[in-house]
Structures are given as C-alpha cells and as structure tokens.
Amino acid sequence: EPEVTQTPSHQVTQMGQEVILRCVPISNHLYFYWYRQILGQKVEFLVSFYNNEISEKSEIFDDQFSVERPDGSNFTLKIRSTKLEDSAMYFCASRDGRVDTQYFGPGTRLTVL
Amino acid sequence: SQKIEQNSEALNIQEGKTATLTCNYTNYSPAYLQWYRQDPGRGPVFLLLIRENEKEKRKERLKVTFDTTLKQSLFHITASQPADSATYLCALDPSGNTGKLIFGQGTTLQVKP
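Residue numbers (the numbering used here), protein chains in the order written: chain A, 17 to 129; chain B, 17 to 129.
The shape of chain A in the complex, shown without the other chains (with noise of 0.2 Å):
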C-alpha cells in the first residue's frame, strides 16, 4: 500500500541554524500538508500546499517558515532560523482531491539545542 515517507527519522540542530525536512507524499496526491505536534500537545496546522503554491497557513507558519515541491516527487518544509519552540514532531500529509481523507508520514523528529 502507498505511503507518505520522510525524512530525516530525527533531526537535531542548534538554535539559529536552517534545517529542511523532507516529505514524499504518495504519488497521486494533490493536496499536501505540514502539521506539527510538540511533545504531548495537540497535532497542529502549518500549511496547505496545492497545485504549487500555498492554500492556506497557520499563525505558527510565519516568515521563518517556508515550502516547496521542488519536483514531481518531493515536498519540503524548511525552517530558516531554528528556535528551541520549534522543537516538535513533524508530520507531512497528502491527500489525492477525490476524497477528504489525509494520510500522515511517520514524522521528523526536530531537536533545537
């Protein structure tokens, strides 16, 4: 069965620097998401990305945050200037359009030091 990956598994950098996390959604998707969830809190919106532009963000995607399906298979998320609050999972979803269901990657553990 199709499956959305990502990667890196984990993450760890020091504050102030740039990471990127990398997604791939499953291939016939249209529709691709970034949620966050910090360690037990809720699972929270980014960003929705749609036919190569975003469709709508959250109050947390501010300017330090960015995305980009660079190609026909890839879906990044990058983080300009790490802060520690930025410590979280990282979730990458997809959805194909036709139906409203998402489906999750396993995550990106992000580590800010």
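Treat the hints as calculated values from the structure; they're not laboratory data. Here a beta-carbon is modelled for each residue, glycine too, at the ideal position from N, C-alpha and C. If a hint is listed, it holds; no wrong ones were tucked in.
In silico negatives: residues of chain B with every beta carbon more than 10 Å from chain A:
no., residue
1, Ser17
2, Asn23
3, Glu25
4, Ser45
5, Lys73
6, Lys75
7, Arg77
8, Thr84
9, Gln88
10, Ala99
11, Ser101
12, Gln126
The calculated SDA-like cross-link candidates involving lysine to any residue, where the alpha carbons are at most 20 Å apart (straight line), are:
no., chain 1, residue 1, chain 2, residue 2
13, B, Lys79, B, Leu63
14, A, Lys58, B, Asp55
15, B, Lys73, A, Val115
16, B, Lys75, B, Thr38
17, A, Lys58, B, Gln88
18, B, Lys87, B, Ser24
19, A, Lys58, B, Asp109
20, A, Lys58, B, Tyr44
21, A, Lys58, B, Glu21
22, B, Lys75, A, Thr117
23, A, Lys58, B, Asn23
24, B, Lys19, A, Ile54
25, B, Lys19, A, Ile76
26, A, Lys58, B, Pro110
27, A, Lys94, A, Asn68
28, A, Lys58, B, Ser24
29, B, Lys128, B, Thr34
With chain A held as given, fit chain B onto it using these hints.
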C-alpha cells in the same frame, strides 16, 4: 471561541469490552469529522471519516457516530484487544474544503488482558 475536546484522561478497559471515546466541538460546523489512531512517536493513522449527513459509520470492530445537534462524535471499539491500546484523535476541517485539519488533544486507550 472554537474548541474541539476529547477526554484528556486515559481510558482503561478490560480486553473484550467496548471502548467508547468522545469528541465534542464548539463553534464549528464541520461537513465531516475524522478519527485517527496515533502510537507513541508515530504519525496519525486514518481510521474512519463520517459526514454530517451520516449518523453512523462502521468498519470491522470500529463504529463512529456523529450528532450535529449535540456537536459530538462517539468512537466505539468493540471486542477490544490489547493491540488497540493507543491514542485516538478526532479531527475536523473547519472550512469543509481545504483539508486543514483541527485536532483534538486525543484520548489514550489502554486495554488490559
């Protein structure tokens, strides 16, 4: 204010019993509601979606109900097994068409043999 709430206390039940989890929402009018399972350190896994015009939906041992008057969804697992132990999340799309999901904080279910 808008809220989506699940029982924050863990639910402990004996194997073979039916587990019932509750999701209440306030100041939303979702077209559908979704239930996900999340294991520790993993991404949410889609279980069921129920639309506003559906009262009940079933999948194997799982059953979901949706009461738009009470603004509540109930999630049942019948004949529960220790392997059902996980955190269960409800989620809704406030706009009904963007796919942005708002999650509850989840209820942790522990099924004891």
